Structures are given as structure tokens and as C-alpha cells.
Amino acid sequence: MTEDDGPTEPSGALEPDWEPVIGLEVHVQLATASKAFSPSATTFGEPPNTLTDPVVLGLPGALPTFNRAALELALKLGVATESKIRARSRFARKHYFYPDLPKGYQISQYDEPLCEDGRLAILVGNQVKSIKLQRIHLEEDAGKNLHVGAVSHVDLNRAGVPLVEVVSAPELGSAEEAAEFMRALHRLVRWLDISEADMEKGQMRCDANVSVRRRGEDRLGTRAELKNINSFRFVHNAVEHEIARQIRILESGGRIVQETRLWDAEAGASQAMRSKETAEDYRYFPDPDLPPLVVDGAIMANILRGLPELPSARFARYLRQHGLSPDDARTMISDRALAEYFEAAVKAHPGERSGRMIANWMLSELLGALHADGKTIADSPIPPERLSELIRMVEDGTISGKIGKDIFEECYKTGEAPRAIVERKGVQQISDEAALWEVVDRVVGANPKQAEAYKAGKDGLFGFFVGAVMRETQGRANPVITSDLLHKRLGR
Amino acid sequence: MSEWLSAGETARRIAAGELTALRAVDAYLRRIANLDRELGAFLALDSEGARHAAQQVDAARAAGAALGPLAGVPVALKDVLVTRGLATTAASKILDGWIPPYDATCVERLRGAGAIVLGKLNCDEFAMGSSTERSAFKKTKNPWDRTRVPGGSSGGSSAAVAAALCAASLGTDTGGSIRQPAAFCGVVGMKPTYGRVSRYGVVAFASSLDQVGPLARTVGDAALVLEVIAGLDPRDATSLDAPVPRYRDALTGEVKALRIGLPHEYFDGAQIDGEVRAALDRTIAALRERGAEMVDIALPHTEHALPAYYVVAPAEASSNLARYDGVRYGKRAEAADLLDLYRRSRGAGFGPEVKRRIMLGTYALRSGYYDAYYKKAQQVRALIKRDFDKAFHHVDAILTPTTPTAAFRFGAKSTPLEMYAGDIFTLACNLAGLPGISVPCGLTGDGLPIGAQLLGRPLDEATLLRAGQVIEAAVGLGDRRPGAIA
Chain A
1 MTEDDGPTEP SGALEPDWEP VIGLEVHVQL ATASKAFSPS ATTFGEPPNT LTDPVVLGLP
61 GALPTFNRAA LELALKLGVA TESKIRARSR FARKHYFYPD LPKGYQISQY DEPLCEDGRL
121 AILVGNQVKS IKLQRIHLEE DAGKNLHVGA VSHVDLNRAG VPLVEVVSAP ELGSAEEAAE
181 FMRALHRLVR WLDISEADME KGQMRCDANV SVRRRGEDRL GTRAELKNIN SFRFVHNAVE
241 HEIARQIRIL ESGGRIVQET RLWDAEAGAS QAMRSKETAE DYRYFPDPDL PPLVVDGAIM
301 ANILRGLPEL PSARFARYLR QHGLSPDDAR TMISDRALAE YFEAAVKAHP GERSGRMIAN
361 WMLSELLGAL HADGKTIADS PIPPERLSEL IRMVEDGTIS GKIGKDIFEE CYKTGEAPRA
421 IVERKGVQQI SDEAALWEVV DRVVGANPKQ AEAYKAGKDG LFGFFVGAVM RETQGRANPV
481 ITSDLLHKRL GR
Chain B
1 MSEWLSAGET ARRIAAGELT ALRAVDAYLR RIANLDRELG AFLALDSEGA RHAAQQVDAA
61 RAAGAALGPL AGVPVALKDV LVTRGLATTA ASKILDGWIP PYDATCVERL RGAGAIVLGK
121 LNCDEFAMGS STERSAFKKT KNPWDRTRVP GGSSGGSSAA VAAALCAASL GTDTGGSIRQ
181 PAAFCGVVGM KPTYGRVSRY GVVAFASSLD QVGPLARTVG DAALVLEVIA GLDPRDATSL
241 DAPVPRYRDA LTGEVKALRI GLPHEYFDGA QIDGEVRAAL DRTIAALRER GAEMVDIALP
301 HTEHALPAYY VVAPAEASSN LARYDGVRYG KRAEAADLLD LYRRSRGAGF GPEVKRRIML
361 GTYALRSGYY DAYYKKAQQV RALIKRDFDK AFHHVDAILT PTTPTAAFRF GAKSTPLEMY
421 AGDIFTLACN LAGLPGISVP CGLTGDGLPI GAQLLGRPLD EATLLRAGQV IEAAVGLGDR
481 RPGAIA
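Note that the protein sequences, when read in sequence, are chains A and B.
35 is the number that the numbering used here gives to position 35 of the first sequence; each next residue is one higher, with no gaps.
461 is the number that the numbering used here gives to position 461 of the second sequence; each next residue is one higher, with no gaps.
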């Protein structure tokens, strides 16, 4: 997915009298190889209608059989969000007519969903805020309609792909928080390998329920549902736009109509699709083709065993244990591979301050270099242990910070061990006072005019002497000791 | 050859080299050509495919290859069973012209056992009906009296077997659709335990009730065919993971000490025709004479079976039939826009009984009414099942008439409710998911067959076949054959 957007700036444009209340319904594609109820593959970008079978096509007589791989992924998310897991949940049929829905119903879950009462940790500034999840349920995706002029085509490659729908409680208080919720969920599902959650491929999509009420009011206002939101920025923009629209209507004495609105990202506006009066009756009932979905202790034990430290916990720990800034910690947990790199580097170079040093090197030098090459952390030519080795040499004075950057570049290019490069090049820092005194003495002796001028108060010349010592030593002189000795030699 | 040979005997002769599969197939094809114009059992014939398959069986035998238990036996299939490359319509205009790309599991298993599919058999549209009069394509006549219906919905399957247009057939039974036509046509029809036979490739009517089963001229043939089609199918999540016994081995001819329940709700007060009642009494006497113990039992929730069925079945049907929208297969009407496409395709494609049930089911499932209808009906189902569970503590099988009357005349059931009421003895079996069999137990004075129904414990088809064979031997039709279709 595109790294379009970091944390969104608060707009501050909202009316202080009004409080927005937002709930999100997010669909996340589960990263299974085959479809939810049939053997066809879930590959993206194949020629239309090539990933089909009698079940996907809804042919007469075809029957669904549930792909247990989807269950495991959904359970991981359920456990990671501290949801209550139903030991016995059910698939239900949700009926509506549309050409991209081959059976005339979608297999989903209704009154007996897999997960309920969970929570998702989102990051607001440097705080971790817990948002209640009403439910997480399993369902199948529909296909796609493509309209070419007056002709409509249907592509069923996506039909039957397994999804979870994650439904938040109406607890998000701003467009920023809504976008943060999406980010947190995106991070979590990628972290746990539940989904690639590539929004450009439609693997994560969001509907937002938005209402506003006067501050201090207990009752929720009438809500509008925004459909078709498929990026973090769009969530922010769509929700913000909707909040403003509702406030404008209410302030001018109008009334909000409960309706579904379609977000048009290009126009930056939403359009009414259908009102509650014309809402469809989905005629849910338990799917008689599928027995109840039973989750036993063995499956749960397996899921719990495989669950790593979650990104929100790691965020808090990076602040506490390593003293990272919230921004750096957030970047570090934005990608599991990045965080694991950090963990490995810290492990190779433990120490109170090493976490921050490693973070600085990773986020500026390493990510900068990788980014310039269009690579990710997984492709890093410098393994974490080597980066630690380099940082340790800078920290213990073996090389200067400046030389360290040169060694980094060399190491990045050749993959050679930093210590080997330093030794081969002979660029170890000179910290031996006697050796440096000799150089300082020589440099000052060779420039008597400048020495006089400095003594007479021309402070700017100190840098001239430092530079001269560095030239003499090919940059290897320890700058602290050099400065110390120069002061002594020049007498001020 | 004689087309009246049993399926088992046909297979034996082919395996022994006394008969070729091609001769058997040609004999049936000739008989179909001669008689089916009048009978109307077949919707589609696959003469070429059948002859080709027969030649393959003969070649395999000549090469000394092992032959399946139905090798060379000509069979035919109710047209709700999906057949690769052979039109499957469910007797509905909405599927007219659809050629499936796959075989139903039961069809695959029949072919795997060497059976030869002659063609597809008429039925009520989407198996909704009890007379086959609801077929969108043709009328099927009862071979015993051409003014009467063959029963339904598997009327083509029962008529074709009764008239020896095939050695055996498959039907489906959602509320009696195998057993009732078997009774009307004087053949054996078995509805197995729910989940015993895969529903994969069965055009769905009511998913929680539908079950595939054999229709045959003898109990032995029904056992043979069931053995072939039964068993776990990973493609049907509701199919049962239980071993399939050799049902033919269960046919011992013995019913000594077998306890057979007679539910008074099925015999008292119900409007059973006098001749049917008399035939059942003779059946009871014959069983008792052979050592069976007849036990009076109660199934107190029986009266609720019909209303519960007519909520559950239409509700599921309304959902299952949503896929017929004119978009991907079958009939698509010319239309101005999408909604118009749905309206016109479904409006022209479905017949009145199907529309009635879609409307009933849509009503029952609408938001806010689920608890009052579908859920309530499911609770009634649980009670009916409990009645049976209790009864099976005391008895090994339950005996009832299959139908209150023998076959009725075309057009005799003028209202849907009259038609539905004829199914009172067969519905509960589906609601409870139990196995049931109908075995001929005599003829009326007018020469119409009467069926005795046996119901059994889940997965205990063997006991029903065993007792059924005793009934067949004692009070069955013997050599009497339908005279209306020569």
C-alpha cells in the first residue's frame, strides 16, 4: 500500500458547540490462498472470471464448504483485540439482488458472530486510546461490476474471497481518530499476517457512520453512513466533510436524514445513495448449507501460542524502555519487519541509550538509503547486528560519528562488516593524547600568525586549527581531545 | 433381454458375460422410444452418451478390468440432479437450455460404479409439488392408470422405473418427493438419513430437508443403489462422516423380534382411504406373523409437521432460488434496466407454484418476523425430532401408510392446500432428518398401487431395507405389472 499519509493534522475547523460521534465498519480481506467457501484462488489481478468454480458462480447445486484457514486468521484478530470468541458461531445468508452477487445472497454472520466486545488500541499523539469493537464477523466478498458505456460486465474473481468485518462502537470523536482507527487496524492485521490490507487492491475498505450532537448531550444524533472509503486520507476527509455538512444543516435549523451516502474522493464530496425508508430487508437466516462454526480449546491454544507482542504494546514499551520519541516509536511499529529489525539490533547492542541511537541510525541513515533505492527494510544489505556493531564503534570512540557515516555507506554498498572496513581503511579514531599533542604542536607551530590572532581574541580561528588537525590526521583525530589540546596549546 | 430384470441381476449378467451393456442400453432406449411419448417421464435423453458409456463398460469387461457394482446398468435421473454436458432444468423454464459443467456427487458415484445414465426425468418445477403436474414442460402419466398422476415431485423417476424405462432411478425427497411417487407407481423409494447422500450438485429446494435417494423395482435394488451413492462428500458440509454398510447384506428376510411402532396419530383420525387402511392392516398382520413385535406408539407433535414444513421449506426455497436472476445462466429476458431484468426473467421463468413458495418464504424471513416464523418452525422441528427420539427408545422402526390415498386423477387437487395435505405422512421424516422408505403393499380394487412407509433411526437405513424386503415378499406386487402403459 502507499505510504501516503502520516498522522493527519487536526483541522481545528470544527464548531466547538458540536461533538461528532463516529463508528467505523471496516472490511479486511483475509490472506488465504483459496476462497472462503470453495477451492478457487484469491490472486489479485488475474484476467476477469478466471478464479471461479461452480460455488463462486452460484451454479445450481453448488454448495459452500468453509475454508478453515480463514477461521484461524479471524481468530488471531479476535484474540489480538481481546474479543469474546464464540465457541459456536453461525453463518447467515444476507439477501439482496445485484449482478456481482451470484447466489442472490452473501454468506455472512448475523446474530451469532465469531467475535464480540473487543477493543482496538489507537495512537492519539503519544497516548494509546482503547476503542471498543462491537463485533468482528466472517463473510465472503462480492464480485465487481464494470460499466463500459451502456454495457455492464461482471468480474467474479473477487467473489467469495474471505473477509472480516470489524465494527467499532460509536466512540471515535473526530476525523483524526477515525483515520487513526483505520491506521491501527491496518497496522495490526499486517503485523499479524492476517491480511496484506492493500487498499489499492481493495483489501481493506471502510464505511463510516457519522452523527453530531450538541456538546453535553447524551443522545446520539441521526447518523449518515458513508460508503466506499478506501484510504486513510479519504476516511479523514470524508468524515470531516460529513461532520461539517451535518453541523451546517443543524445550525441552519435543518434536520439530518438517516441515509447512505457515497463518498466521491475526486470531488471531495458525498452524494446520497438511499434513505432508510428505501433500505433493503436482507432477510437474514442461518445458512442451512453450513453447520455451526465451532471453535474449540485446541484451536484457541494454538492461536494464543502464536501471538506476538502487539504493535500498541510495543509502542508503549519503546517510549518507556528506549526513550524513543512518539513519532519515532510510531514509525518503528508501522511495519513489523522494521520493528523486528530494531529488536534484533537492540539485542545485539544492549544498553540504556543504545535504543535511541539505533532508532536514529535506522530512521535517518538506513531508511533514507533504502528509500532512495526504492527498497524496504526486508531488503536491507546491512543486517541489524552489523548496524549495531557500527553504532558501538561510534559510541566507544573507535571511530568518529562522521567516519561512522562513511563506513555506513560503504557497508550499505558492499555488505562488508563495519569493523573490517574500519580496520582495512585504518580510519580508527586517534584518541591517544601524546600522538595528538604532536600534531597539535606541529599545526600551531606552522601557523604562528593565526595563533597570534587567535590569542588576540579572534575566536573564529579556532575552527581553522581544528580543521588543520583533522586534515593532518585524515579526519581521524578525536574531536573532543583535539579541541581540549588546542585550547591548552593556544593558551585559551 | 427383459427390461424388467432387476438392476442387480442386470449387473450380474453383464459381469458374467451373459449380456452386454450395449444390448441392455439399446433395449431400454427402444422401450423409451416406444412408450415415453405416451408416458412423458423423460425431459432429456442422452442416447449417444449412454451407448458410448455402454461400449466402454463392454470394452472394460473384455479387457478383464474390474467392474463396478452397477456396471452397464441403465439408470435415469430426476432433472434436479446436475449432469455434466446434459441439460438440467429442474423442470423450470428459467433453466431451459442450461448445460452444466459438472456432475452432482451422486451422479459421479453412479457413473463411477459403472451405471449408465440414459437421461433426465420429469418432476414438479424445482421439486415443488406432489403430482409432477407443476413441471413447466410436460405431464407424466401414472403407468397403472394414465388418467392419474405418478405422484411427485419425483414423478418421472417413479413412472420410468414402474414402466421399466430404466432399471432404477434417482429422485430427491424434501417432504415425501421420493416416497409418495414410489407409492403411487408401485415401486420402492427410499429417502436416506439427512446427510447420508451428498447434496452437492442437487438443485436446491430446501437445503435442510433435501435428500437424494433411489427408486427401484425391488428393495434389493434400492439397497444396491444406496450403497453406491451414500457416504461422506467433502464438498457438502452437511454430509455425514459415517461408514456406509453393505446394505444388501442387511436383507436377511428376517424380522423376528424386530419392534415396529404404529403411531396412532398416523392411523386414527387421519383421512386414510379404506383400501389403504386395509392394505396396511394386511402388512401389519404379515409382519406380526413373521415374528415382528408391533407396538402402539405416540408422536404427539405430528399435527404441527405440515405448518412447520410450509414455513421452513418455502423460506429456504426463497433464498435458494435467488440465484436465478437471468444474469449468468438460464433464461434472460429482454429488459430496460437491471430491476426490469430481474422482474422479467424471474416473472417469465418461474411457474405459479414456485412463485407462491418464494412469496411465502420471503414473507416468513422478512425483518422482524424471523422469530415468529422460521425460528418457531425450527423449534417445532426440534419437538418433532424429540417425539421420534423417544419412540425409538421402544421400537426399531415405525410403520405408516406412505399416503392417505392411492394416486389421484390429474387436476383432482384444485387448491394448493389440498395438494399439501396429501403429504401429511411423509413430511415429519424430513423435518426430523430420518430415513424413510416406501414399499408397495398391494393394489386397490381399481388396480392402483398402495405404499407402506417405514421410518427409522438416523443412519439405520439397513433396518428399513430389511423390513421393507419382508413386506415386499409378503404383500408386495409380485409379478403384477402396470397395464396402462404396455
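In short, the hints are calculated from the structure, not lab data.
Note that the structure is predicted; figures quoted are calculated from it, not measured.
Among the hints, erroneous ones may be present.
[Claimed, not checked] The list that follows gives simulated cross-link-like pairs (lysine-lysine, BS3-like), each with its CA atoms no further than 30 Å apart: (1) A/K84 x B/K376; (2) B/K385 x A/K94; (3) A/K144 x B/K331; (4) B/K138 x A/K94; (5) A/K94 x B/K331; (6) A/K413 x B/K331; (7) B/K390 x A/K405; (8) A/K201 x A/K144; (9) A/K94 x B/K375; (10) B/K355 x B/K138; (11) A/K84 x B/K331; (12) A/K144 x B/K385.
Evaluated hints:
no. : hint            : result
1   : A/K84 x B/K376  : 28 Å, holds
2   : B/K385 x A/K94  : 28 Å, holds
3   : A/K144 x B/K331 : 22 Å, holds
4   : B/K138 x A/K94  : 35 Å, violated
5   : A/K94 x B/K331  : 24 Å, holds
6   : A/K413 x B/K331 : 65 Å, violated
7   : B/K390 x A/K405 : 84 Å, violated
8   : A/K201 x A/K144 : 12 Å, holds
9   : A/K94 x B/K375  : 16 Å, holds
10  : B/K355 x B/K138 : 19 Å, holds
11  : A/K84 x B/K331  : 47 Å, violated
12  : A/K144 x B/K385 : 43 Å, violated
The structure fails to meet hints 4, 6, 7, 11 and 12 from the earlier list, while all remaining hints are met.
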